[in-house]
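Protein chains: 4
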Amino acid sequence: MSDFQTIQQALRRFTDERDWAQFHSPKNLAMALAGETGELVANFQWLTEAQSAAPDAATKQAIREEIADVQMYLLLLADKLDIDVAQAVAEKMEMNARKYPAPEFSGSARKYDRPAD
Amino acid sequence: MSDFQTIQQALRRFTDERDWAQFHSPKNLAMALAGETGELVANFQWLTEAQSAAPDAATKQAIREEIADVQMYLLLLADKLDIDVAQAVAEKMEMNARKYPAPEFSGSARKYDRPAD
Amino acid sequence: MSDFQTIQQALRRFTDERDWAQFHSPKNLAMALAGETGELVANFQWLTEAQSAAPDAATKQAIREEIADVQMYLLLLADKLDIDVAQAVAEKMEMNARKYPAPEFSGSARKYDRPAD
Amino acid sequence: MSDFQTIQQALRRFTDERDWAQFHSPKNLAMALAGETGELVANFQWLTEAQSAAPDAATKQAIREEIADVQMYLLLLADKLDIDVAQAVAEKMEMNARKYPAPEFSGSARKYDRPAD
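Chains as they are written, first to last, in this note's numbering: chain B, 1 to 117; chain Z, 1 to 117; chain Y, 1 to 117; chain W, 1 to 117.
Chain B with its partners taken away, still in its complex shape (with noise of 0.2 angstroms):
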C-alpha cells in the first residue's frame, strides 16, 4: 500500500472514531487546509529567504507540525472526492514538462511567474 494509502487509512479511522465525518465536507475540509497553510506561511514571514533555510529548531518543529496538517487536511480531502494524489501529480508534472520546456525556461524568473497554475 502506498503513503498516500496507509495516510488516508489512518484518517479515515481516526474520524470515524470520533464521528467527525459530519464536519468533513470537501468545502469544510478545504477552508481546513487554507487555516493550516496560513499558520505554515507564518512561520517564515519574518525570516530572509537565507533564515528559512536554517530555521531556529523551535521554529523546524513548528514547520514540521504545520507541514503534517496542510498534508493531512490535503489527504482527507482528496480522499472525500476521490481523487488519486500520486497520479493527479504524474499527470500535472507531466503537463508542467510540456508547458515549461526546460531549454526555454531555464533560470528565469521573469518567465516563471506562475509555475504551476
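Quick caveat, the hints were computed from the structure, so don't treat them as lab data. Be careful, since some hints might not be right.
Note that identical chains are pooled: a pair holds if it fits in a single copy or bridges any two copies.
Derived PhoX-like pairs (lysine-lysine); straight-line CA-CA distance at most 20 angstroms [claimed, not checked]: (1) K60 <-> K80; (2) K60 <-> K92; (3) K80 <-> K99.
Using the hints provided, position chains Z, Y and W relative to the given structure of chain B.
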C-alpha cells in the same frame, strides 16, 4: 521507495533541468504553497457543502490540478528542510490522538474547533 | 483625513516606535496578511453557512480581531507600495460592473464563479 | 460618511443589483477572501524582498487589483456580521500597544514572531 520520495526525486530533477533551485528558498516555497491553496479554496467558495461533495466535471478537474500543485509545493518545501513528511504525519496523528481522545470528543463540533493545531 | 489614511498614519507611528520597518518588505507583509487570513478562515471552517451568519460571542470577537489584523496588514502593504486603497477599490468596482453586467449575471452562481478576479 | 461605509454601501448596491446576496454567507465570503489573498501573495512569491519593494508596472497593477479584491471581501464580510472595521482596528492597535511595549520590543525580530495574533 515511498510515494513521497518518488515525487520528491521527480521534482528535484524537474527543478534542476530548469535551474529553478535558485528561486526555491523555503520562504518562497511556503508562499507558492499559499498561492496554490488560495486557488484550491476558490473552487469551493460559492458551492454549498452538499454541492462541494459532488462537483461537476470541470470543477473536479480544476480541484484535482490544484491538489496536485499543493502536494508538489509541500513536498518541495519538506525536501528543502529535510523533513520526512510520512514520519511528521505519523507523529502528528499520535499527538492528535492524545489531544482528542475518542470518547470525549465524539461528534463534537464545539470541541473540534481547532482539530489539528 | 480618510479612514485609510488615519489608520496608515497610526500604523506608521506604531511601526517606527518599535523600529519594525526593517521587517516590513512588501513580500513579508503579504505573507503576514496570508497568515492572518488563515486565522480568520479557521474561525468559519466547521460552521455551516447559517451558523456563520450568527457566531457566538467568543467566535465573533475572534473574527473581529482577525478582520482588524487583515485590515492592518493590507494597509501596511498598500502604504509601502504607495497604492491608494480607496481609489484601487473604486477602479476595481468599475471593472467588475463592466465584467458582470447586472441583468445578465443576476442570481447566477454558475457565472459568478470568480467574482472579482 | 467614512471610507469604509462608502465602500460598503457601494458593494451592497452592486450585490443587490445582481441578486448575489444569496451567495454571501460569512463562511463563503471568508473563503473568497482567502482565495484573493492567495492571488495577492502569488505576485510576490518569486521576488526577493528588495524586488518586492519596487515591482514592475504590470506586477504593481496586478497587486493593486488584488489589494482591492481583498479589501472588498473584507468589507463585505464585516458588513454581514455588523463589525465596524475602523473601531475593530482601533481596539486591536490598543491591544498590540500593550502586548508589544515600544522599548522592550524595539527592533526585535525574535520577539516579533507573531505581531498581531
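For each hint, the structure was consulted:
Taking identical chains as interchangeable, the C-alpha atoms of K60 and K80 lie at most 20 angstroms apart only when they sit on different chains, with a minimum of 12 angstroms there against 30 angstroms within one chain. In this homomeric assembly, K60 and K92 come within 20 angstroms of each other (Cα to Cα) only across copies, at 14 angstroms, whereas the closest approach inside a single copy is 29 angstroms. For the identical chains of this complex, K80 and K99 are neighbours neither inside a copy (30 angstroms) nor across copies (24 angstroms), given an alpha-carbon limit of 20 angstroms.
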